[in-house]
Amino acid sequence: MSWEKERLLVVSAHAADFVWRAGGAIALYASRGARVRVLCLSYGERGESQGLWKKEGMTIEQVKKIRHAEAVAAAETLGAEIRCFNVGDYPLGVTPQLTEDLVQEFRSYQPTCVMTHTPVDPYNGDHVETSKLTMNARVYAQAMGYPSEHGSLGAPPVFYFEPHQTEMCQFTPDVILDITPVFETKVKAMHCMDAQVHLWNYYTDVAKRRGTQGGRNSGNPAIVYAEAFQRVYPQVTQEPIS
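Quick note, the sequence shown lines up with residues 1 to 242 if you use my numbering.
Hints may contain errors.
[Claimed, not checked] Derived SDA-like pairs (lysine to any residue); straight-line CA-CA distance at most 25 angstroms:
hint: 1; residue 1: Lys132; residue 2: Gly88
hint: 2; residue 1: Lys208; residue 2: Glu239
hint: 3; residue 1: Lys132; residue 2: His164
hint: 4; residue 1: Lys64; residue 2: Gly33
hint: 5; residue 1: Lys55; residue 2: Thr112
hint: 6; residue 1: Lys132; residue 2: Lys55
hint: 7; residue 1: Lys188; residue 2: Arg37
hint: 8; residue 1: Lys64; residue 2: Val128
hint: 9; residue 1: Lys208; residue 2: Glu167
hint: 10; residue 1: Lys5; residue 2: Thr112
If you are wondering where the hints come from, they were derived from the structure by calculation, not from laboratory data.
These numbers come from a predicted model, not from an experiment.
Model the full structure from these sequences, guided by the hints.
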């Protein structure tokens with residue numbers, strides 16, 4: 001596998017979602033020479049910035065500025081490029097223009113792998129809207145008749161990353177990714193998110209639990225930290241199944 005030819009695209013509803021849920025995958029891809037691009041639809045300024053709103057005199061524009069800086073710093077730490085759309089949150093503002101922007105992102109970037117939210121999340125409608133938008137944009141980008149200066153998209157696999165409450169989101173992991181070699185990088189990226197300090201330890205614990213499961217399912221005790229994903233489309237292979 002030539003990692004230099006790989007292009008991971010991560011579509012994140014809020015400023016920190018890509019860090020908590022796919023930071024290890026991003027760092028792993030980047031560490032092996034792959035290109036990684038994060039599309040951050042909103043800053044989570046209303047619903048995902050509890051730590052900032054506890055400060056006296058905070059305004060919505062101040063929150064956005066801080067969350068933008070956090071997202072950029074985290075992406076740089078992980079080795080990814082990032083584009084922030086600032087469409088608002090709670091609710092996340094999906095518009096025809098945003099759909100068009102994502103289709104053109106798919107067309108121009110030509111990802112070989114896509115990661116985003118689950119389509120079910122009774123606790124966060126923004127995650128659901130982001131998942132739906134991502135899946136629709138991927139399909140539209142495949143249509144040869146869709147207007148674009150870039151060629152149509154192939155069929156990159158899509159993976160849902162782990163939601164905050166897995167059982168309630170109908171999340172069944174079928175991929176456990178060993179992120180042990182890059183876990184410290186993920187920790188550094190998480191620590192960029194000062195607005196959500198309460199989640200630092202939570203997602204460290206999640207990585208430990210998934211690492212334990214990864215070790216048991218693979219027989220490899222060297223796996224200490226991992227991230228879980230759910231594949232959307234069937235895996236197609238010409239090699240013996242393993």
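Checked hints:
no. : hint            : in the structure
1   : Lys132 - Gly88  : 17 angstroms, holds
2   : Lys208 - Glu239 : 31 angstroms, violated
3   : Lys132 - His164 : 18 angstroms, holds
4   : Lys64 - Gly33   : 31 angstroms, violated
5   : Lys55 - Thr112  : 42 angstroms, violated
6   : Lys132 - Lys55  : 34 angstroms, violated
7   : Lys188 - Arg37  : 18 angstroms, holds
8   : Lys64 - Val128  : 22 angstroms, holds
9   : Lys208 - Glu167 : 18 angstroms, holds
10  : Lys5 - Thr112   : 8 angstroms, holds
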